[in-house]
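Chemist: Using the sequences plus the hints, can you model the full thing?
Residue numbers (numbering that gives the first Met the number 0), protein chains in the order written: chain A, 0 to 242; chain B, 0 to 335.
Keep in mind the hints are simulated off the structure, nothing from the lab.
These figures come from a predicted structure and were not determined experimentally.
Check each hint, because a few of them may be wrong.
Here are a few chain A residues that sit away from chain B, every Cβ distance over 10 Å (derived from the structure) [stated by the list, open to error]:
{"no.": "1", "residue": "ILE46"}
{"no.": "2", "residue": "ARG95"}
{"no.": "3", "residue": "ASP110"}
{"no.": "4", "residue": "ARG113"}
{"no.": "5", "residue": "ILE123"}
{"no.": "6", "residue": "LYS124"}
{"no.": "7", "residue": "GLN125"}
{"no.": "8", "residue": "ILE151"}
{"no.": "9", "residue": "PRO160"}
{"no.": "10", "residue": "HIS163"}
{"no.": "11", "residue": "MET240"}
To give a feel for the contact side, a few chain B residues facing chain A, derived at Cβ under 10 Å [what the hints assert, rightly or not]:
{"no.": "12", "residue": "GLN22"}
{"no.": "13", "residue": "ILE236"}
{"no.": "14", "residue": "GLY239"}
Even glycine gets a Cβ: it sits at the ideal position worked out from N, Cα and C.
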Amino acid sequence: MDTSSRNSYRFLFAGDSALVIQFGEVVDARINQHVRKIAAIVKSEDIEGIVDLVPTMRSLMIHYNPLYISQAELKNLITPLLGREFTLDDDIIRWRIPVCYDNEYAPDIEDVSRSLRVSAPEIIKQHTSVELEVFMMGFLPGFPYLGLLPEIFDLPRRVEPRVHVPPRSISVAARQTTIYTIDSPGGWHLIGQTPVDFYDPNRENPVLVKAGDKVSFFAIDSKEYPAVRLALKADEYPLTMDC
Amino acid sequence: MAVKIIDPGFNVTVQDFGRPKFQHLGVPVSGAISPTLLRLANALVSNAEYEAGLEIRLMGPTFEVLCDSLRIAVVGTSTPVEIIDGDITFQPANQSIKLKKGQIVKIGNVSDTGTTYLAIEGGFDLPKIYDSMSTYVRAGIGGYKGRALLAGDVVSLRTHSAADHGELKLNDTWFLDENGPLRVILGPQDDYFLSSSVETFFASKYSVTTEADRMGIRLDGPKLQHSKGYNIVSDGIVTGAIQVPGTGQPIMLLADHQTTGGYPKLGTVISADISRLGLLCPGAEITFQQVTVEEAEKILVEQELKIKTAIGNFKPAEPWLDHQALYNENLISGFM
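Modeler: Set out below in structure tokens:
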């Protein structure tokens, strides 16, 4: 997709308290980056009446209070911002996240290895080889969609979704990877588990990461896992990189 | 400065107006599913309209007053509030009620409407997470320990005695009688449906199934057909969105809905009609009417005026002694 069509957009109606700006209908990292750029521009304008900005893979949802601003007024304020140049920036955090890929924490890694015809060690190597971007948050509180993974991870979702996916499971599908934050149903392949809580209701800020943050994974083994978890609980295990 | 829960009722949760500013973190808004009723209940006990109250569906709690005195208001149900204090007395819903230490309050069966709120003067003394006390049970966040109330819970309050003044009552409960079509703005994915299905949707009756909770209401009625599949790349969801999964049966999404989703959404119930969704009971029949954004905005302003007028028109409530009048109004058949 070239730059000009990436920047084309459509407003979609989502009732009288939300407005969608759609930049595409497919999964494309560049469209997503554009969505987050527009979200940052709109946020920096501090428009009265806007309640929240939710970037997704392909669209930005603007939640607003219709008693403060009408949809027509909102569109008038937003439209000139859509062509503006802006560098994505500022409060981005770079995370280094330990993951245990040992079988007991990775119920699908052997299946994935068979269907991709790639060894488990190679899967781990590839999964830890790149710094990923948080494309969007959604599905569950604190649940990030990360990408893009190397091409070998271009695999469809499981045929049979699981009814229960344990919290902190690391999953892959369609060159993206996610971290389940609470027990939930799920259809992606589970190739590991992190001792890190991406959501913890008892923490002052329950959600760990946000769209735009960067995440890289590194492997720990199952013997280390409990100790790392304890160290995290004691706040003695740094997860961020010094930039 | 507390109440003690003796019987928790059914899935009673603390709700205010939720966490609308944190959807970008994947955190559902939550909050009252019928916000208009919570606002009125709060106004009856002189709270800020956005204070947290108890949200009650089907069966309410029974609790004991542990502080010196307490003022509550129950809005939604028509069932009188039972007060046990040696003998049993009743106080009507939709007005403020002053209670004394040691009295036991029973809300009981409130299944005459979908949702009822109980507000307490001064509000609860519970931690706010992401600016809100709303309970989101699925993620264990907010309210009382992130869950519905249980017997034995002692829920802290901000005040230890009720302000010294008379009681107020709500004169007009118009919000219980709104039963015209639910008004809907088309989109964001109406183009994912056959145009004949969009016509069917607006021309047909749908009934509320028993699969109705704080997350959404599954409807039963004429099946809607997708024109280009029922999977979309996830996009944002707003409360009131009408999403249609592969079954072709629409689901109206309420306060606890996920922040993003991958099913096409045919339309969105307008803000002014959101409170009505929470009042729907299983079996209720509903229809939909298409409106424009401009019409929805006008309707919302009119509704705000109605709510403010209702609050301005609160009347002093008589001291409650008139058992005969209550009996005559058939409010407590089965007692006395």
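Chemist: Indicate, hint by hint, whether the structure satisfies it.
Modeler: These are the hints, each one checked on the structure:
1. Under the 10 Å C-beta cut-off, the non-interface status given to A:ILE46 relative to chain B holds; the minimum distance is some 14 Å.
2. Consistency note on A:ARG95: stated as away from chain B, and its beta-carbon is indeed over 10 Å from all of that chain's, at 21 Å minimum.
3. Here A:ASP110 stays apart from chain B, with its beta-carbon at least about 23 Å from theirs, past the 10 Å limit.
4. Separation of A:ARG113 from chain B is adequate, the least Cβ-Cβ distance of about 26 Å exceeding the 10 Å criterion.
5. The claim that A:ILE123 is not at the interface with chain B holds, since no C-beta of that chain comes within 10 Å of its own (minimum 27 Å).
6. The claim that A:LYS124 is not at the interface with chain B holds, since no C-beta of that chain comes within 10 Å of its own (minimum 29 Å).
7. Non-interface call for A:GLN125 relative to chain B: holds, since the shortest CB-CB distance, roughly 24 Å, exceeds 10 Å.
8. Once the 10 Å rule is applied to beta carbons, A:ILE151 is consistent with being away from chain B; the minimum gap is 22 Å.
9. With a minimum CB-CB distance of about 13 Å to chain B, A:PRO160 clears the 10 Å threshold, and the non-interface call stands.
10. No Cβ of chain B approaches the Cβ of A:HIS163 within 10 Å, the least distance being about 13 Å, so the stated non-interface status holds.
11. Every C-beta of chain B lies more than 10 Å from that of A:MET240, the closest at about 21 Å, which supports listing it as non-interface.
12. Proximity of B:GLN22 to chain A holds as hinted, the smallest CB-CB distance being about 5 Å (cut-off 10 Å).
13. Hint on B:ILE236 holds. Least Cβ distance to chain A is approximately 8 Å, under the 10 Å limit.
14. This hint holds: B:GLY239 has a C-beta 6 Å from the nearest C-beta of chain A, less than the 10 Å allowed.
Hint compliance for this structure: no hint is broken.
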